[in-house]
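Colleague: Listed here are the chains, written in short residue letters.
There are 2 protein chains.
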Amino acid sequence: MLLLKCCHSLTRCGLVSTQRHKVAPAVVSCALRLCSSSSTEDLGLSQRTNWKHILAGLLAGTGAVLACGLHHHKAEQADVRVSTCPVFSHDEVTKHRTLEDGVWVTYKGSVYDITEFVAMHPGGNKILLAAGGALEPFWALYAVHNQEHVLEILSQYKVGELSEEDQKKQRVAEQTDPFASDPERHPVLHVNTHKPFNGEPPPEILSDSYITPSTFFFKRNHLPVPQVDPASYRLQVEGLPGGVLTLSLEDLKTKFPKHTITAALQCAGNRRRDMNKVKVVQGLNWGIAAIGNAKWSGARLRDVLLAAGFGPDVAQWARHVHFEGLDKDVTGTAYGSSIPLSKAVGEEGDVLLAYEMNDEEIPRDHGFPVRVVVPGVVGARNVKWLGRIVVSAEESDSHWQQRDYKGFSPGADWDHVDFKSSPAIQELPIQSAITVPADGAVIDRSDETLTVMGYAWSGGGREVVRVDVSLDGGKTWQVAELRSGEKGQAPEPPPPPGRAWAWKLWEITAPLPPEAQELEITCKAVDSSYNVQPDTVPPIWNLRGLLSNAWHRVKVRVTDD
Amino acid sequence: MLLLKCCHSLTRCGLVSTQRHKVAPAVVSCALRLCSSSSTEDLGLSQRTNWKHILAGLLAGTGAVLACGLHHHKAEQADVRVSTCPVFSHDEVTKHRTLEDGVWVTYKGSVYDITEFVAMHPGGNKILLAAGGALEPFWALYAVHNQEHVLEILSQYKVGELSEEDQKKQRVAEQTDPFASDPERHPVLHVNTHKPFNGEPPPEILSDSYITPSTFFFKRNHLPVPQVDPASYRLQVEGLPGGVLTLSLEDLKTKFPKHTITAALQCAGNRRRDMNKVKVVQGLNWGIAAIGNAKWSGARLRDVLLAAGFGPDVAQWARHVHFEGLDKDVTGTAYGSSIPLSKAVGEEGDVLLAYEMNDEEIPRDHGFPVRVVVPGVVGARNVKWLGRIVVSAEESDSHWQQRDYKGFSPGADWDHVDFKSSPAIQELPIQSAITVPADGAVIDRSDETLTVMGYAWSGGGREVVRVDVSLDGGKTWQVAELRSGEKGQAPEPPPPPGRAWAWKLWEITAPLPPEAQELEITCKAVDSSYNVQPDTVPPIWNLRGLLSNAWHRVKVRVTDD
Numbered sequence: 268m269l270l271l272k273c274c275h276s277l278t279r280c281g282l283v284s285t286q287r288h289k290v291a292p293a294v295v296s297c298a299l300r301l302c303s304s305s306s307t308e309d310l311g312l313s314q315r316t317n318w319k320h321i322l323a324g325l326l327a328g329t330g331a332v333l334a335c336g337l338h339h340h341k342a343e344q345a346d347v348r349v350s351t352c353p354v355f356s357h358d359e360v361t362k363h364r365t366l367e368d369g370v371w372v373t374y375k376g377s378v379y380d381i382t383e384f385v386a387m388h389p390g391g392n393k394i395l396l397a398a399g400g401a402l403e404p405f406w407a408l409y410a411v412h413n414q415e416h417v418l419e420i421l422s423q424y425k426v427g428e429l430s431e432e433d434q435k436k437q438r439v440a441e442q443t444d445p446f447a448s449d450p451e452r453h454p455v456l457h458v459n460t461h462k463p464f465n466g467e468p469p470p471e472i473l474s475d476s477y478i479t480p481s482t483f484f485f486k487r488n489h490l491p492v493p494q495v496d497p498a499s500y501r502l503q504v505e506g507l508p509g510g511v512l513t514l515s516l517e518d519l520k521t522k523f524p525k526h527t528i529t530a531a532l533q534c535a536g537n538r539r540r541d542m543n544k545v546k547v548v549q550g551l552n553w554g555i556a557a558i559g560n561a562k563w564s565g566a567r568l569r570d571v572l573l574a575a576g577f578g579p580d581v582a583q584w585a586r587h588v589h590f591e592g593l594d595k596d597v598t599g600t601a602y603g604s605s606i607p608l609s610k611a612v613g614e615e616g617d618v619l620l621a622y623e624m625n626d627e628e629i630p631r632d633h634g635f636p637v638r639v640v641v642p643g644v645v646g647a648r649n650v651k652w653l654g655r656i657v658v659s660a661e662e663s664d665s666h667w668q669q670r671d672y673k674g675f676s677p678g679a680d681w682d683h684v685d686f687k688s689s690p691a692i693q694e695l696p697i698q699s700a701i702t703v704p705a706d707g708a709v710i711d712r713s714d715e716t717l718t719v720m721g722y723a724w725s726g727g728g729r730e731v732v733r734v735d736v737s738l739d740g741g742k743t744w745q746v747a748e749l750r751s752g753e754k755g756q757a758p759e760p761p762p763p764p765g766r767a768w769a770w771k772l773w774e775i776t777a778p779l780p781p782e783a784q785e786l787e788i789t790c791k792a793v794d795s796s797y798n799v800q801p802d803t804v805p806p807i808w809n810l811r812g813l814l815s816n817a818w819h820r821v822k823v824r825v826t827d828d
Numbered sequence: 268m269l270l271l272k273c274c275h276s277l278t279r280c281g282l283v284s285t286q287r288h289k290v291a292p293a294v295v296s297c298a299l300r301l302c303s304s305s306s307t308e309d310l311g312l313s314q315r316t317n318w319k320h321i322l323a324g325l326l327a328g329t330g331a332v333l334a335c336g337l338h339h340h341k342a343e344q345a346d347v348r349v350s351t352c353p354v355f356s357h358d359e360v361t362k363h364r365t366l367e368d369g370v371w372v373t374y375k376g377s378v379y380d381i382t383e384f385v386a387m388h389p390g391g392n393k394i395l396l397a398a399g400g401a402l403e404p405f406w407a408l409y410a411v412h413n414q415e416h417v418l419e420i421l422s423q424y425k426v427g428e429l430s431e432e433d434q435k436k437q438r439v440a441e442q443t444d445p446f447a448s449d450p451e452r453h454p455v456l457h458v459n460t461h462k463p464f465n466g467e468p469p470p471e472i473l474s475d476s477y478i479t480p481s482t483f484f485f486k487r488n489h490l491p492v493p494q495v496d497p498a499s500y501r502l503q504v505e506g507l508p509g510g511v512l513t514l515s516l517e518d519l520k521t522k523f524p525k526h527t528i529t530a531a532l533q534c535a536g537n538r539r540r541d542m543n544k545v546k547v548v549q550g551l552n553w554g555i556a557a558i559g560n561a562k563w564s565g566a567r568l569r570d571v572l573l574a575a576g577f578g579p580d581v582a583q584w585a586r587h588v589h590f591e592g593l594d595k596d597v598t599g600t601a602y603g604s605s606i607p608l609s610k611a612v613g614e615e616g617d618v619l620l621a622y623e624m625n626d627e628e629i630p631r632d633h634g635f636p637v638r639v640v641v642p643g644v645v646g647a648r649n650v651k652w653l654g655r656i657v658v659s660a661e662e663s664d665s666h667w668q669q670r671d672y673k674g675f676s677p678g679a680d681w682d683h684v685d686f687k688s689s690p691a692i693q694e695l696p697i698q699s700a701i702t703v704p705a706d707g708a709v710i711d712r713s714d715e716t717l718t719v720m721g722y723a724w725s726g727g728g729r730e731v732v733r734v735d736v737s738l739d740g741g742k743t744w745q746v747a748e749l750r751s752g753e754k755g756q757a758p759e760p761p762p763p764p765g766r767a768w769a770w771k772l773w774e775i776t777a778p779l780p781p782e783a784q785e786l787e788i789t790c791k792a793v794d795s796s797y798n799v800q801p802d803t804v805p806p807i808w809n810l811r812g813l814l815s816n817a818w819h820r821v822k823v824r825v826t827d828d
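Keeping their order, the protein sequence lines are chains A and B. For the first sequence, position 483 matches number 750 in the numbering used here, and the numbering has no gaps at all. For the second sequence, position 343 matches number 610 in the numbering used here, and the numbering has no gaps at all.
It is possible that part of the hints are untrue.
Once the Cα atoms are required to be at most 25 Å apart in a straight line, the calculated SDA-like pairs of lysine to any residue come out as [claimed, not checked]:
hint: 1; chain 1: B; residue 1: Lys375; chain 2: B; residue 2: His489
hint: 2; chain 1: B; residue 1: Lys742; chain 2: A; residue 2: Val804
hint: 3; chain 1: A; residue 1: Lys822; chain 2: B; residue 2: Lys362
hint: 4; chain 1: A; residue 1: Lys687; chain 2: A; residue 2: Glu661
hint: 5; chain 1: B; residue 1: Lys362; chain 2: B; residue 2: Glu451
hint: 6; chain 1: A; residue 1: Lys520; chain 2: A; residue 2: Glu661
hint: 7; chain 1: B; residue 1: Lys546; chain 2: A; residue 2: Thr743
hint: 8; chain 1: A; residue 1: Lys362; chain 2: A; residue 2: Lys525
hint: 9; chain 1: A; residue 1: Lys742; chain 2: B; residue 2: Thr803
hint: 10; chain 1: A; residue 1: Lys544; chain 2: B; residue 2: Gly740
hint: 11; chain 1: B; residue 1: Lys687; chain 2: A; residue 2: Thr776
hint: 12; chain 1: B; residue 1: Lys544; chain 2: A; residue 2: Gly740
hint: 13; chain 1: A; residue 1: Lys525; chain 2: A; residue 2: Glu661
Computed spacing ranges between beta-carbons, pair by pair [to be verified]:
hint: 14; chain 1: B; residue 1: Thr527; chain 2: A; residue 2: His461; range: 51 to 59 Å
hint: 15; chain 1: A; residue 1: Ala708; chain 2: B; residue 2: Pro761; range: 27 to 35 Å
hint: 16; chain 1: B; residue 1: Trp681; chain 2: A; residue 2: Thr716; range: 21 to 29 Å
hint: 17; chain 1: B; residue 1: Ser713; chain 2: A; residue 2: Ser688; range: 28 to 36 Å
hint: 18; chain 1: B; residue 1: Lys544; chain 2: A; residue 2: Ala708; range: 47 to 55 Å
hint: 19; chain 1: B; residue 1: Pro781; chain 2: A; residue 2: Ala777; range: 44 to 52 Å
hint: 20; chain 1: A; residue 1: Glu787; chain 2: B; residue 2: Thr460; range: 36 to 44 Å
hint: 21; chain 1: B; residue 1: Glu715; chain 2: A; residue 2: His666; range: 35 to 43 Å
hint: 22; chain 1: A; residue 1: Glu787; chain 2: B; residue 2: Asp664; range: 40 to 48 Å
Rough simulated footprint, nothing fancy, chain A against chain B, three-plus residues with beta-carbon under 8 Å [to be verified]:
hint: 23; stretch: 524–534
hint: 24; stretch: 606–618
hint: 25; stretch: 694–700
hint: 26; stretch: 741–750
Calculated from the structure, these hints are not laboratory results. None of the values given here were measured: they were computed from a predicted structure. Don't be surprised by glycine CBs; every beta carbon is placed ideally from N, CA and C.
Start from the sequences and build out the full structure, keeping to the hints where you can.
Modeller: Written out as structure tokens, the structure reads:
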């Protein structure tokens with residue numbers, strides 16, 4: 268299998284594409300396949316160093332490798348020489364995500380085979396998260412890479428350039444597949460469904476930065492991502508005495524003050540996997556990373572509603588504000604939901620019509636050009652690709668408001684569930700999870716201490732005030748250190764009471780309990796209303812697998828190796 | 268002991284005081300003691316009917332019994348004849364609280380021995396809650412008693428009248444005991460401490476009425492109850508640009524609109540007993556009834572602050588509003604605490620300077636003449652006998668704000684607790700408890716069903732949306748019926764989002780599991796933010812025994828008798 272993949276790639280690119288003095292084992296093995304009858308299986312992957320020597324002999328004197336690397340380096344210095352490098356498709360790059368298949372990455376249009384570098388990477392195995400995709404989002408996250416000598420190291424591994432082929436394919440496919448125009452996603456995301464796209468990052472990425480980069484922010488789409496032309500985009504505000512107010516993107520940006528908040532968004536189904544382990548539920552099998560913390564900027568919904576005619580008269584009868592997305596199903600029904608009027612117009616509600624995420628225009632997967640950000644409230648009400656706002660006496664009658672995203676007793680089943688009996692989820696309960704170490708990780712006893720990291724957040728603007736961590740499954744507890752900002756930087760100023768929209772990251776380094784063979788690491792958070800997480804999953808289990816916020820538990824093994 | 272008590276009473280009152288055709292066994296036994304050498308123990312309490320016949324013979328012809336009863340009845344019809352009835356002290360009445368000691372009650376200044384009536388009471392044993400004290404608060408609660416024939420039944424049991432003696436004693440004691448002027452409390456309250464007074468009602472009373480009568484509302488005093496003359500009462504409002512605003516009670520009632528809310532108040536230590544069972548904590552050993560739900564009326568704090576000069580300028584620097592009571596310790600330090608400014612001045616905060624509780628002036632134990640009601644917030648911030656309000660940039664530095672009423676990790680002990688590390692408790696977390704049946708109750712299997720009742724409430728205006736009840740210790744759950752009003756009456760209108768200050772009562776009638784010998788009944792509530800109660804006590808245990816909101820559990824025995 269390994270050889271088939273590899274040789275297919277070689278067939279299309281030609282052996283020349285692999286000719287450089289640092290060479291990936293997959294390529295080496297292919298080269299060997301061409302030159303001899305011994306398979307990679309016979310050689311064994313652990314003999315990588317030997318292969319390098321073998322291949323160095325085989326390829327001696329071609330000079331092609333250095334030419335390709337140098338060429339790229341010079342191109343960055345405004346060199347106009349035409350590329351002599353091979354061209355790879357995106358598909359080909361994504362096939363190289365393991366040491367066995369070779370580890371390929373892209374950066375500014377070039378393709379690099381960094382298989383050999385993995386063991387030398389100062390950040391350890393984390394480099395594999397980038398395997399098969401672009402380095403840019405990781406380097407944006409880990410700014411230490413933004414140095415000249417890092418580029419120099421990288422340039423040594425260049426194997427070719429990226430083709431334009433995928434974009435052409437996409438344009439053809441658009442005519443048949445409603446999801447064909449969906450944006451590219453980073454291959455590191457764990458995909459729950461491709462169409463619509465639902466994916467979450469590896470948990471350990473979450474605790475690496477207080478602000479989650481958009482690329483790694485979980486993506487939860489109900490429908491195809493609409494293609495919106497920002498120039499012709501119009502937002503309709505309806506239900507107010509002045510009639511319909513129509514706003515362009517430019518109007519939103521220029522006619523209303525720009526307001527910025529840092530807010531975590533969490534899917535109601537985050538940590539559903541824990542519920543599935545108890546008894547199967549309906550919904551995407553999210554792990555613990557259907558949550559992210561971003562900086563959002565835009566016009567205040569309050570300001571827009573006031574401009575559209577909201578006032579005391581309207582407050583007499585209005586109770587809800589509906590949001591409708593530009594994403595539509597096959598029947599033409601748009602995604603929709605609503606929030607209580609008090610949240611929408613309250614001075615301290617901080618609801619935004621956001622046009623920026625992390626200081627850039629909102630990426631397509633997150634609602635370009637405008638999404639509602641309802642801080643403290645379940646992701647499902649933070650409607651993306653916002654097309655319409657309606658002030659109303661009634662709650663939205665959308666499927667997602669009335670027959671989804673509600674909590675039920677563990678006793679309710681699909682034959683006996685009355686969706687009218689439960690309120691639509693708005694504010695979410697207190698939540699926390701362990702991002703490091705991963706479940707099943709192996710800890711070296713000689714380390715003597717163990718560092719545990721994670722996130723904690725509560726809905727409704729309730730600040731996380733404490734996270735307790737246990738190494739013995741909940742028998743004894745230690746208090747973790749909380750962080751409201753990037754590591755080593757000044758924390759964000761404390762929020763006013765009831766407006767703590769952002770999450771907190773936490774960390775604790777504790778002595779490894781002597782003799783322990785296995786640890787059950789557990790965390791639980793407390794918010795400013797002193798709400799706590801429940802101990803176990805079964806009593807909060809519900810048929811939709813929502814609101815999964817029991818203590819998070821991971822088991823690790825301690826070895827003496 | 269029985270005879271000693273009884274004969275002491277007889278010595279003071281004379282035999283004539285017991286002469287009526289319905290006679291209490293204790294009195295009978297005393298009469299017998301005087302007339303014969305046989306003790307009550309020899310006669311046995313079960314022979315009460317025989318005693319009546321015996322005593323009827325002994326007392327035949329005196330006519331005194333009927334005269335006393337009739338006299339009282341006529342006195343109610345404006346009869347001016349001087350009483351011929353014996354006079355009892357309050358102390359004597361409180362000694363009669365059991366069938367063994369006789370069951371005495373008072374009503375409108377008269378004393379009744381209702382021992383014999385207990386078995387005939389349509390409401391069953393609940394009548395014993397009134398033993399040794401006044402009937403009025405119970406009759407106010409159970410309005411079925413407000414009928415002429417009930418008074419007629421009662422009149423038959425009259426044994427005398429209440430003395431003025433206790434009031435005199437109290438006036439003498441006042442000069443030495445700072446608590447001597449504390450008000451009388453109903454004897455049904457379970458007393459945690461007498462000085463200061465801290466008491467809670469029997470749990471089953473809580474679920475009998477949606478509005479908790481003031482008499483039965485838990486009393487949580489930190490210091491002696493101050494004696495406040497409403498005519499000279501003054502409230503100082505300080506820290507605002509206009510200088511000190513001084514308001515009389517009349518000012519509060521006439522210069523500001525009267526606002527009414529129904530709100531539950533809960534002590535931070537409610538259900539501390541459950542924590543004491545895990546490991547001893549510091550604090551009053553409250554059961555599950557340090558909570559009550561009342562109707563509060565008064566001026567809005569917001570309105571008073573606006574009148575005192577609060578405005579946008581103040582909002583620039585002010586962050587907290589302090590409250591100081593008129594209750595003072597021996598050093599002259601008043602009880603004090605503070606709440607966030609946003610809660611105090613927010614239009615939806617509903618903070619009251621209340622001068623009425625349940626449509627009457629606030630009883631002394633609850634803060635006469637004015638207390639702050641901060642709905643959704645821990646009892647400790649609802650300062651009673653309010654004397655001073657201060658708008659400030661800082662939190663109150665009161666002991667009760669800084670070094671008490673804070674939550675900690677289970678790992679914190681008194682040697683290693685840093686009170687600065689935790690925020691002062693404000694909003695309380697989701698809570699519920701079972702009021703009926705009581706722990707240890709015996710259920711008759713032939714009943715076939717079991718009715719479970721209780722209360723549920725959450726802080727911060729978060730509405731209770733569901734209560735789950737389990738009869739098997741949490742393995743399976745059923746959904747209870749919620750009630751927001753008195754039984755059989757229309758419920759209160761639903762509160763606006765985030766302003767659900769009142770509790771909900773709940774009830775469920777479920778089939779008794781066949782074969783079960785013992786049931787572990789468990790309840791847990793869910794609020795509108797889908798916060799839930801934790802499963803068990805140990806992981807939320809803390810050295811002060813606060814915030815005890817794990818699932819409530821009671822065990823009952825099922826018998827085949």
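Colleague: Are the hints correct? Go through all of them and say.
Modeller: Hints versus structure:
1. Of the supplied pair hints, the one linking lysine 375 of chain B and histidine 489 of chain B is violated, its CA atoms being roughly 31 Å apart against a limit of 25 Å.
2. Proposed proximity of lysine 742 of chain B and valine 804 of chain A is supported: the alpha carbons are some 12 Å apart, at most 25 Å.
3. With a C-alpha separation of about 61 Å, the suggested pairing of lysine 822 of chain A with lysine 362 of chain B is violated against the 25 Å cut-off.
4. A distance of roughly 14 Å separates the Cα atoms of lysine 687 of chain A and glutamate 661 of chain A; the hinted pair therefore holds under the 25 Å criterion.
5. For the proposed pair lysine 362 of chain B and glutamate 451 of chain B, the alpha carbon gap of about 16 Å is at most 25 Å, so the pair holds.
6. Only pairs whose Cα atoms come within 25 Å are accepted, and lysine 520 of chain A paired with glutamate 661 of chain A is rejected, the gap being roughly 30 Å.
7. Between lysine 546 of chain B and threonine 743 of chain A the alpha-carbon distance is near 14 Å, which keeps this suggested pair within the 25 Å criterion.
8. Of the supplied pair hints, the one linking lysine 362 of chain A and lysine 525 of chain A is violated, its CA atoms being roughly 43 Å apart against a limit of 25 Å.
9. Taking the CA atoms of lysine 742 of chain A and threonine 803 of chain B, the gap is about 12 Å. The hint holds against a cut of 25 Å.
10. For a cut-off of 25 Å, the pair hint linking lysine 544 of chain A to glycine 740 of chain B stands: about 21 Å separates their Cα positions.
11. Taking the CA atoms of lysine 687 of chain B and threonine 776 of chain A, the gap is near 22 Å; set against the 25 Å cutoff, the hint holds.
12. With a C-alpha separation of about 21 Å, the suggested pair lysine 544 of chain B and glycine 740 of chain A falls inside the 25 Å cut-off, and the hint holds.
13. Between lysine 525 of chain A and glutamate 661 of chain A the CA atoms are separated by roughly 29 Å; this puts the pair beyond 25 Å, and the hint is violated.
14. Between threonine 527 of chain B and histidine 461 of chain A the CB atoms are about 57 Å apart, so this pair conforms to the stated range of 51 to 59 Å.
15. Range check, alanine 708 of chain A to proline 761 of chain B: about 49 Å between beta-carbon atoms, so the 27 to 35 Å window is missed.
16. For tryptophan 681 of chain B and threonine 716 of chain A, the hinted distance range of 21 to 29 Å is satisfied, since their beta carbons lie about 27 Å from each other.
17. At roughly 33 Å, the beta-carbon separation of serine 713 of chain B and serine 688 of chain A lies within the given 28 to 36 Å, and the hint holds.
18. Against the hinted window of 47 to 55 Å, the Cβ-Cβ separation of lysine 544 of chain B and alanine 708 of chain A comes to about 37 Å, which falls outside the hint.
19. With their beta carbons about 49 Å apart, proline 781 of chain B and alanine 777 of chain A fall inside the hinted range of 44 to 52 Å.
20. For the pair glutamate 787 of chain A and threonine 460 of chain B, the beta carbons lie near 42 Å from each other, so the given range of 36 to 44 Å is met.
21. Against the hinted window of 35 to 43 Å, the Cβ-Cβ separation of glutamate 715 of chain B and histidine 666 of chain A comes to about 42 Å, which satisfies the hint.
22. Under the hint 40 to 48 Å, the C-beta atoms of glutamate 787 of chain A and aspartate 664 of chain B, about 42 Å apart, fit the expected range.
23. Figure legend: the stretch 524–534 of chain B, annotated as covered by chain A; annotation inconsistent (0 residues with Cβ-Cβ distances under 8 Å, at least 3 required).
24. Residue count for the stretch 606–618 of chain B with a Cβ under 8 Å from a Cβ of chain A: 5. That meets the three needed, and the coverage hint holds.
25. A stretch counts as covered by a chain when three or more of its residues have a beta carbon under 8 Å from one of that chain; for the stretch 694–700 of chain B and chain A the count is 4, and the coverage holds.
26. Taking a C-beta to C-beta cut-off of 8 Å, the stretch 741–750 of chain B contributes 5 residues in contact with chain A, enough for the three needed, and the coverage statement holds.
Of the numbered hints given earlier, the model fails hints 1, 3, 6, 8, 13, 15, 18 and 23; all others are met.
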